[in-house]
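From first to last, the protein sequence lines stand for chains A and B.
So in our numbering, spot 122 of the first sequence is number 122, and the numbers just go up one at a time.
So in our numbering, spot 251 of the second sequence is number 251, and the numbers just go up one at a time.
Just so you know, these hints were derived from the structure itself, not from any lab.
Predicted model only: the values in this text are computed from it and were never measured.
There could be a bad hint or two in this list.
Unchecked claim - For lysine to any residue, the following SDA-like pairs were computed, each having C-alpha atoms within a straight-line distance of at most 20 Å:
hint, chain 1, residue 1, chain 2, residue 2
1, A, Lys-118, B, Lys-25
2, B, Lys-195, B, Val-257
3, B, Lys-25, A, Phe-141
4, B, Lys-222, B, Arg-93
5, A, Lys-118, B, Arg-93
6, A, Lys-118, B, Lys-195
7, A, Lys-118, B, Pro-138
To be verified - Derived coverage of chain B by chain A (criterion: at least 3 residues anywhere in the stretch with Cβ under 8 Å from a Cβ of chain A; other residues may be distant):
hint, stretch
8, 17-26
9, 137-150
The C-beta atom is built at its ideal place from N, Cα and C for all residues, glycine as well.
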Amino acid sequence: MTTGLLRVEGLTKVFGAGRTRVVAVGGVDLVTDRGEVTLVMGPSGSGKTTLLTMIGCLLRPTSGRVVIEGLDVTELPVREHPRIRRTLVGFVFQTFNLLDALSARENVEVALNIGGVKGAAATEHARRLLVDAGLEDRLDFLAHDLSAGERQRVAIARALANDPPLILADEPTANLDTPHGRDVMKLLRALTRRQHRGAVVVSHDERLRAIADRIVWLEDGVVTRVEAPEPSGAVVSVAPRGSAL
Amino acid sequence: MFPDTGEDDDRRMVPVARRNLFADKGRFAMSVGGVAFAVLLILIVVSLYRGWSGAGSIYSKLPGEVWVAQAGTIDPFHSTSLLPANRAAELLRVPGVVGVMPVYARHLAFPTRGGERVDAYAMAITAPTVRLAPDLRPYFPAPGHIVVERVLADAAGVRSGGTLRVLGRSLVVDRLLSGGNKIVQFAFLNPVDAKALLGQPGRVSYYLLRTRPGADLGTVGKAAAALVPGSEAHTSADFAGAFSRLVNSGFLSVVGVLVAIGFVVGGAVIALTTYTATVEKARDYGVLKAVGAPGSFLYRIVVWQSLMVGLAGSLLGIGASALVANLVSRWVPEFVTDLRVLDVLGVFAVAVLMSVAASFVPVRRLNRIDPAMVFRA
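Next comes chain B alone, as it looks inside the complex (with noise of 0.2 Å):
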């Protein structure tokens, strides 16, 4: 065990480490905010990280498993998929499949307050003939009206009940929907309005098939993609991961770097503090060695003053994580942070081995502190 525990039992220590940080109260409190600041940066740019990829996660939450698409479509965000509207009692036959939707989707220009205009993917997927559970119904609004995520909303300048205008149809927003950022948001019509809006008789954009649970994803889709001609199937997981691919492509490497910074800070402030009270502590450290600690003892000094510092920035950056992303996200809507506990597990585990890690540097000093420099007045 380290040597400050603070248990009162048997193997309780005297606290040396403890004392040595809360010597210097002022110093300590700037290295625990050190590290919380670091760690605050992480976990702020892993959580809009998790945000903005896991915008794409609206297609797991669909009543649906596959979807047929026009042939070479890459994801719904960059490929226009336009499909014959009638295969829709086929498609039912497909051994597996128990539901097909027609989807109607596009890309669509919203007017914002300040006059300049917002693009949203906008869908509208036919009601399946079985009742819909309660949580489904946002993505099936009535004719008339839309469904819309709250940053089009804000920029939109409408509330739940007010009208937006989409290319000359006035249509009331039903509800808004959680989510949505600068880069992708979504917008839900009913078909009715769809179509006239997309403007393309006789076609579809997708089939969304509801399938039998247990049912082969795969050989439906293959089943599904051979009734629809120039046609090819995709998972909704296909399509939910198709936007974090994106993210990921544009935005993984530059996360990383941030992060890998964030915790060198950290790794330094660390360091630094540890390194200071040892150098200053250097004749304390001597006179322990000269009354005959072994190395041991002194070194868990050293680590348990890296780990207090590490565990007390960690704490506090968390802390101040969860807060920053719950103020934000109501301040500004678009700055979509996803903080996962098992992110915040990560980051604290590698924050106390940083730790352990920045007790080097002064471990290896206290190796060369001579124990007879405490004969010198």
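Okay, chain A solo, but in the shape it has when bound (with noise of 0.2 Å):
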């Protein structure tokens, strides 16, 4: 059934005007719901990382529309969007982005405190977050004292860490070796069945098709395909360009 935790429609980013102009992202149709993984798939330079930026209110469209459980993003105030940014939405990014200066717990910690939650409460719950991501005995660790599996997961705890429904990642495989690809792959599809969130998954990294419930592929700002994996592994197309996913 379809919740519509996330509705994005007709979304376009154009950059520059004139002989300068460029349409980074061209009517973007795309619909994600709890418990779903979307995975928007394109080569370099097709538009991947600006849709994302758009739909985390980090990058105003130049049109369209950006609904996150209901609320039109859009058409809030730039104000607003930190607000949204730490209420409904989750960023794993591909460099992991962890304050250095910051121990694994105080990254996530940090979050919490943005959110409102700090004190003794604020420790606890990163501790259980950084315990459910497999990290209890790394929570005193400096950021840059961790492996790269160890601060993406700290990263993925940091976006939970102010339970958003909705979690955007950004090549979140990228700078990580096979296995511990792996390890940040299954987190995020328990993510999204377990706990019941969405996830739109920015990535060049074919590994990622396995816990993709829906493949968006995006070239030149548009999208030219969009897959839904069965559960035996065969692809099946299931809305060409152009239509509403």
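Work from the hints to combine the two standalone chains into their complex.
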């Protein structure tokens, strides 16, 4: 059943004007429900990351709508965007983007502080998230003392700190070796299935197809193909170019 | 509250500012040192100014409140005052006056160890008939004795019990007073010796009047001046303030410029440190913005960083000032400093304000950070 966690309609981003005009994203439609992973694939420069930044309220679209949990965030003034980012969206980045001066626990705790949770409650919640991510013996390690796989796990724990319904992940396995990449994939899968969240994952990594409920191919800013992998591993094309997903 | 108060309560937050600063301990130490040095310079200049301008405060310690002086006397340092010596009995009848002390005073040249001569303002106050409080005794030496300030004693190479030759007379150094500087020093003689040294028979320099508690000094002064032809009255506070006015006219603007430079240097050190830390951590701030941190959360980190540098530097600078003032006054007695609590508190308060103001530049830089930068590898 569709819960309508994320609905993207005709999302467009144009940079520049005149001869320098570039359509980075042109009229993308996309839907993700709770419990689903939508994988956005495509070559470099196809507009994947631009799409993600617009969904995450980090970039204002030229036109189109982003609706998260029934709230049209594109209608909101810019000053409201931080609130959307800390309550409805959790980010996972390719380069982890942990604060190196802080420990693993503090990296998660600071996100809780931003969300209004402070003191012992924040410390305990951060600890629990990191234990769930399998980092119980790395809580007080500084971020730069962790391995790449551990850092990405901390980043995922941070993305979950304020219990957002939607996870936006940008190339989450790009800087990881095969075992760690597989761990992160399992974690993302578990987050969506068991914790009933939705995820939009942007990646070149073919391995991520295994956890995707829907694969959206983007080229030159437009959706060229949508696939829905069958449980057996077969792929079924479900939507032609330009169709609503 | 700031985000890193370190309090273990429900409001405690991750100490991002502290961690950012301590991530580069060398830079933090240099920043704190720079601010401390600026505060040290400011406090030493201010305390030196206080020390100099307070040299005339000796007038407030003497046992009288009104000075009758020759008309046209600006202050005791720039004017010579000569009055008839036979008016003491009449002055004692002025309402409100309980004691009259003729005073002999003039600048005298004292020989130094190096063969040069140093100027001191010598005073001889006729002892009042009332019993002197112990703290006043240094100002009333016995005949053949002299009391000098430490700076003069050092310059002349004498200690307590030694002998000073003044205008051909040998005077035993009775005791040394703390204080004195390169601009003005005081020496106290007995009137018996002073009469001979001043060489003006039948004349005194001033009459120092001791008044009843609560007496109106203006009224007493007018009445007293009316009894001594060609005279006018000044209060001890006037004379005490004369030296600070002299210092103010010559040095206050210089002191003001030096203090302003000190604050600018301190503020620049804080601003530069915080700005550099902000630029270096631009990606971290971008991440915090991306995960939803409101502007106020980020501003507090920057302001708190500035405050930590400012507070640590100020406290270190205050401690260093107290130490330097103490050590230097022992080694260089003419370097008279007066480190006042109010000055210290004032400098500390300005340093705190300066820290907050210094965070303005990095805050502007913070506003320009685009959170979307976190997606760039």
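These are the hints, each one checked on the structure:
With a C-alpha separation of about 27 Å, the suggested pairing of Lys-118(A) with Lys-25(B) is violated against the 20 Å cut-off. With a C-alpha separation of about 45 Å, the suggested pairing of Lys-195(B) with Val-257(B) is violated against the 20 Å cut-off. As the CA atoms of Lys-25(B) and Phe-141(A) are separated by approximately 19 Å, the hinted pair is consistent with the 20 Å bound. Simply put, Lys-222(B) and Arg-93(B) have alpha-carbon atoms about 13 Å apart, close enough for the 20 Å limit, and the pair holds.
The straight-line distance between the Cα atoms of Lys-118(A) and Arg-93(B) is roughly 78 Å, outside the 20 Å bound, and the hint therefore fails. For the proposed pair Lys-118(A) and Lys-195(B), the alpha carbon gap of about 81 Å is over 20 Å, so the pair is violated. Restraint check for Lys-118(A) and Pro-138(B): not satisfied, since their Cα atoms lie roughly 65 Å apart, outside the 20 Å limit. Against chain A, the stretch 17-26 of chain B contributes 4 residues with a C-beta closer than 8 Å to a partner C-beta. That satisfies the three-residue criterion, and the hint holds.
Interface restraint, the stretch 137-150 of chain B with chain A: violated (0 residues with C-beta to C-beta distance below 8 Å; minimum three).
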